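Chain by chain, the residues run as shown.
Number of protein chains: 2
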Amino acid sequence: MATHDLQQTVSLLARTPATLDALLRDLPDGWTRQGEGPDTWTVVDIVGHLIHGERTDWMVRVKGLMQFGPSHTFEPFDRAGHSRGIEGLSLAQLLDEFAQLRAENLRELHQLNLQPDDMNRQARHPAFGPVTLSELLATWAAHDLTHLHQIARVMAHQYRDAVGPWQKYLGVLHCDGHSA
Amino acid sequence: MATHDLQQTVSLLARTPATLDALLRDLPDGWTRQGEGPDTWTVVDIVGHLIHGERTDWMVRVKGLMQFGPSHTFEPFDRAGHSRGIEGLSLAQLLDEFAQLRAENLRELHQLNLQPDDMNRQARHPAFGPVTLSELLATWAAHDLTHLHQIARVMAHQYRDAVGPWQKYLGVLHCDGHSA
Chain S
148 MATHDLQQTV SLLARTPATL DALLRDLPDG WTRQGEGPDT WTVVDIVGHL
198 IHGERTDWMV RVKGLMQFGP SHTFEPFDRA GHSRGIEGLS LAQLLDEFAQ
248 LRAENLRELH QLNLQPDDMN RQARHPAFGP VTLSELLATW AAHDLTHLHQ
298 IARVMAHQYR DAVGPWQKYL GVLHCDGHSA
Chain L
148 MATHDLQQTV SLLARTPATL DALLRDLPDG WTRQGEGPDT WTVVDIVGHL
198 IHGERTDWMV RVKGLMQFGP SHTFEPFDRA GHSRGIEGLS LAQLLDEFAQ
248 LRAENLRELH QLNLQPDDMN RQARHPAFGP VTLSELLATW AAHDLTHLHQ
298 IARVMAHQYR DAVGPWQKYL GVLHCDGHSA
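Chains as they are written, first to last, in our numbering: chain S, 148 to 327; chain L, 148 to 327.
If we strip away everything but chain S, and leave its shape as in the complex, we get (with noise of 0.2 angstroms):
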């Protein structure tokens, strides 16, 4: 899989909601609610921002790709910008969320009828130029993917210390940050 498979890339993203539904559902806040430091995200707040790119990111940028060419550069996306959009709801309102977001997103990224020749399209990201389609819909996944590995980091430090010895053969408490 040395190259994106648009078939593959929806696999994943349309089980990524209930994965996170069985990971977190109902799971007591201790592991939801807290972060791995001041200012660092929570469980919660990722949620928030998986949501905050289904309403303003991916399906936006695929449409604006798809309807006016390479000429189009695509919104910069607020990696903060979910933070007013989670006040006061429960994790599991946001876990319903964000199910009924990417079940709407997949079902306007079906209708587009994608075809091979489609994913070569290009349009230009904000910071770094031309991006294709293709890369796109991979990124879209992969970022799935970051956050699934963040969220699994930020619960594992809520035992940094409970584990004791062991702390040195959990690699995923080795993980320096890198998708904070």
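Keep in mind that the hints were calculated from the coordinates and are not lab data.
Just so we're clear, the structure is a prediction, and the values are computed from it rather than from any experiment.
The reader is advised that the hints may include incorrect statements.
It does not matter which identical chain is meant; a pair holds if it fits inside one copy or across any two.
EDC-like cross-link-like pairs, simulated, lysine to aspartate or glutamate; straight-line CA separation at most 20 angstroms [said to hold, decoys possible]:
hint, residue 1, residue 2
1, Lys-315, Asp-186
2, Lys-315, Glu-222
3, Lys-315, Glu-183
With chain S fixed as given, assemble chain L onto it according to the hints.
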């Protein structure tokens, strides 16, 4: 959650099989049967390793500690011991096996009816000496998270090239494999 909490540990341990099921069952092989290069683990290997831990490590150690006390030394855990157990099995079969073993182990754990005082009981780890029941149980949960973290990383690796210039923004692609 600076200290270990048995209910929080169990709440996580109980969710891992369903989490892996939601993420992995029927996922295309491109995501699950390729590692991060020669002699690295695939997702299938990681699930096999989790099964091996359920069979030979976690509850075996808990019961040994409770039965024999501080002079008892745990058997070393064979971190490559899963390879024979997964040959010829589908990922779906491995997920079923993991879920069944985990459920049995959590039933056994429940039957031990552990009390707060038990948490300080000790046995000896073959590499680093005295450890407590509390540390062992916390490590069981954190070990699930270290491998969830690894699974996300191994899967993301399959799209390392496909994401193009986004590679630098995706933290999971900068993880240095500390949980290999």
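Tell me the numbers of any earlier hints that the structure contravenes, in ascending order. Violated hint: only 1; rest satisfied.
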